[in-house]
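Enquirer: Start from the sequences, fold in the hints, and give me the full structure.
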Amino acid sequence: MSDTHSHSVAFVRTETLPQLPPPASEAGVVKWMRENLFSSVPNSILTLVSLYVIYQLVTGAFPWMANGIWNTNSLAECREILDGATGACFSVLTERWNQLLFGFSYPSEFYWRPGLAFLLLFVAAAPVMFFDLPRKLLLFTAVYPFLAYWLVWGGTIYTPLFALLGIVIGYLVYARFVKDSFAMGFFGGVIAAFIAWFIGGYIVGAIAPAEPFLEAVQSRDMGGFMLNMTLGVVCVSLSLPLGIVLALGRQSDMPIIKWICVIFIEFIRGVPLITLLFVANVVLAYFLPPGTTFDLILRVIIMITMFSAAYIAEVIRGGLAALPKGQYEAADSLGLDYAQAMRLIILPQALKISIPGIVNVAVGLFKDTTLVSVISMFDLVGMIRGPILSSTDWNGVYWELFMAASVLFFVVCYGISQYSQWLERRLATDHR
Amino acid sequence: MTSVTDPPQGSFRLSMLINDTRYRSYTFQFIALVLLIGFMAYLGINLVSNLAAQGLNISFGFLGDAAGYDINQTVVEYDSQSSHLRAAVVGIINTLIVAFLACVTATIFGVIAGVLRLSNNWVVRKLMAFYVEIFRNIPVLIWIIIIFSIMTVSMPAPRDFRGEDPSASMLFESFAFTNRGVYSPAPVIDGASGWIVIGVFIASIIGIFAYRRYATKKLYDTGQLLPMLWPSVALFFVPVTLVYFILGRPITLDYPSLQGFNFQGGLHLRGSLIALWFALAIYTGAFIAENVRAGILAISKGQTEAAASLGLRPGRIMNLVILPQALRVIIPPLISQYLNITKNSSLAIAVGYMDVTSTLGGITLNQTGRAIECILLLMLFYLTISLLISAVMNVYNNSVKLRER
Chain A
1 MSDTHSHSVA FVRTETLPQL PPPASEAGVV KWMRENLFSS VPNSILTLVS
51 LYVIYQLVTG AFPWMANGIW NTNSLAECRE ILDGATGACF SVLTERWNQL
101 LFGFSYPSEF YWRPGLAFLL LFVAAAPVMF FDLPRKLLLF TAVYPFLAYW
151 LVWGGTIYTP LFALLGIVIG YLVYARFVKD SFAMGFFGGV IAAFIAWFIG
201 GYIVGAIAPA EPFLEAVQSR DMGGFMLNMT LGVVCVSLSL PLGIVLALGR
251 QSDMPIIKWI CVIFIEFIRG VPLITLLFVA NVVLAYFLPP GTTFDLILRV
301 IIMITMFSAA YIAEVIRGGL AALPKGQYEA ADSLGLDYAQ AMRLIILPQA
351 LKISIPGIVN VAVGLFKDTT LVSVISMFDL VGMIRGPILS STDWNGVYWE
401 LFMAASVLFF VVCYGISQYS QWLERRLATD HR
Chain B
433 MTSVTDPPQG SFRLSMLIND TRYRSYTFQF IALVLLIGFM AYLGINLVSN
483 LAAQGLNISF GFLGDAAGYD INQTVVEYDS QSSHLRAAVV GIINTLIVAF
533 LACVTATIFG VIAGVLRLSN NWVVRKLMAF YVEIFRNIPV LIWIIIIFSI
583 MTVSMPAPRD FRGEDPSASM LFESFAFTNR GVYSPAPVID GASGWIVIGV
633 FIASIIGIFA YRRYATKKLY DTGQLLPMLW PSVALFFVPV TLVYFILGRP
683 ITLDYPSLQG FNFQGGLHLR GSLIALWFAL AIYTGAFIAE NVRAGILAIS
733 KGQTEAAASL GLRPGRIMNL VILPQALRVI IPPLISQYLN ITKNSSLAIA
783 VGYMDVTSTL GGITLNQTGR AIECILLLML FYLTISLLIS AVMNVYNNSV
833 KLRER
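Heads up: the protein sequence lines correspond to chains A and B, in order. Under the working numbering, the residue at position 410 of the first sequence is numbered 410, and the numbers go up by one with no gaps. Each number in the working numbering corresponds to the 1-based position in the second sequence with 432 added.
Keep in mind the hints are simulated off the structure, nothing from the lab. Where hints are given, some of them may not hold.
Straight-line C-alpha distance at most 27 Å; calculated BS3-like pairs for lysine-lysine [unchecked claim]:
(1) K775/B to K258/A
(2) K258/A to K325/A
(3) K325/A to K352/A
(4) K31/A to K558/B
(5) K558/B to K733/B
(6) K833/B to K325/A
(7) K733/B to K833/B
(8) K833/B to K258/A
(9) K136/A to K352/A
(10) K136/A to K179/A
(11) K833/B to K649/B
(12) K733/B to K31/A
(13) K258/A to K352/A
Expert: So this is what it looks like as structure tokens:
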């Protein structure tokens, strides 16, 4: 039937037609634009307004950037070359780059030391950040703080060496006693470390060479972006363990410990960082034994660490509270004691939940390190507002300098937040 | 069986203080308390001996002394002969002013940017993402200084407004943007009749809310839908306009005008205030945008679909279903952003805005040398504000808590 039909009727097709392209309005760029940019009248208006804003931004910034001058010695020379045209004077960046990075009194022949410490920071941070790397690299991470201290501040190598030794001794004592009871191991380790440091202090004083391999640099000579990085890295890494302790203390059943932690956290979180920096600057000295002179940087590090520890504690408390009660009960039913339950069951999960929050605190803290310029420390912002803008050569170069500062901070903060998002995806063990 | 679970009777040994979970917590708390008291005592003794060595004491008497410095933005009466306490109060008011302005503006920026980030318009979405990422990742101090530089360096000087062919001109003949700040018209309230107009205005706003409540109740009780929009608009404009003209226009605007070397009259907003206000608003707005976005995303799509299947229109879905639920997620972080604004307003000291940190913690501290007292009072002020805001937040959280099961 069908056979005869197809043979007999001449106007019936025997083969399928080639597919036609979809209508122009339903494919490709046009469809995309219709759906995404001009789907309705208000939407079209929004698109046009946004495009106008972008056009203004680009046409405003592009000539300024493209006409930028990179190789003069003062703003006056820049203006001479530009001769009235729009253009940036980026030569302030090339001329003062070292000052922006290292401050104005860090000895220039030692710039390689903080530079090397900065590069090694990536090596040290890598095994912590990426779990696929060999675990042996963590040994370098453990040594890194002492190495970085020695590189940046210089002086005799025995100081960081004995500091490291004290920690090693403390760990050995802890490992010896922890089998009996965690508390014994912990307190034993802490006491042993302090004894080692105490004795080490005398030994260092006795054997320190007069001419150390790396010449010592006063910490008041530190400045620029290096100071921001130092404060950020040191304070975040110190405040993480302190924050965990505070969070556990706040969740504790022991009322006295709980209330100490609550008052500390709420007090710190209730006041602005600036007031704490004022404390570091002018008040802290009153509370130290008469005659002690304490580095300003050290005082600032103490206060910023306390500040971020309080915030991290609240983040971790959120993580602890988010764990189902069954996890705590499961740990109890396995017969684990408090320390074991926390170390093996609770904290790994709670910290995993808290990672985005902790990263937020870290980014916020890194941005807040610029506040030290208010108590006349010459960090990146302090350098720009102080020595550079008030010099006769560069008086008036606002935008180039602030743009450079913004770019430096943006790169670091955006990088960290991208890493945190990657880590969240990586750690997501639930299936959705 | 009982021999295993029952605690051993009688013999209390000293080692049980650390090994027995019943007593161990007491041991730990005792140790903590002793350490804390010891630490406090150590600090206290150091403080006393340090103060004695320098011949100082702790006293708040200096608050009554004449401050001896001027404050360039005062709402309450203040001159250089006023006391330090009064200077601190002026500072507190200035802090609250800038914090309030920044909170309102940041909410507007944040809500707009947060909603637009979810728009299906690709260009707008990307532009808003750009705004959020740029402003979140650069320190607020840098933003404050940048806007302050714009205000002081890029704006024309007052003398540029002078002459036949001035290089700068006033916006709408009423706003002057100069490097000494922004001059805008100021309302002048003329005696009692002016206040009556304001009273009528407030009363009509209360009336709008009362009417809407009544209409809603009527809708729920009887199903009768009263018009909402037009009565509200009428209530907003009509009574106040009538009273205003009947009483002979008692509220006038005082326009700024160029006299001598500077603008006179009008409302003078200093560059420092504007820098602090807008930097805080734009910076915190980026954070609020993320909160708003997260809040809207937190509402599952099923809610929209359920509302649609009930036959609600898109506008009503947003107002009656999505927003009430999203607000529950948005408001707690929003309030803590307000707290952040208040605390970050202490950065005023970087641009010389006379807030409480600049008066009490800055000039007063430097003049009297009473660092401990000044900083104590300063911390107390911020602590009070934070605790107040936290209390408000707790009340709110309890009132909107989902009551399930």
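Enquirer: Confirm or reject each hint.
Expert: Consistency of the hints with the structure:
no.	hint	verdict
1	K775/B to K258/A	26 Å, holds
2	K258/A to K325/A	20 Å, holds
3	K325/A to K352/A	17 Å, holds
4	K31/A to K558/B	19 Å, holds
5	K558/B to K733/B	23 Å, holds
6	K833/B to K325/A	20 Å, holds
7	K733/B to K833/B	21 Å, holds
8	K833/B to K258/A	26 Å, holds
9	K136/A to K352/A	22 Å, holds
10	K136/A to K179/A	24 Å, holds
11	K833/B to K649/B	24 Å, holds
12	K733/B to K31/A	25 Å, holds
13	K258/A to K352/A	23 Å, holds
Checked against the numbered hints given earlier, the structure satisfies every one of them.
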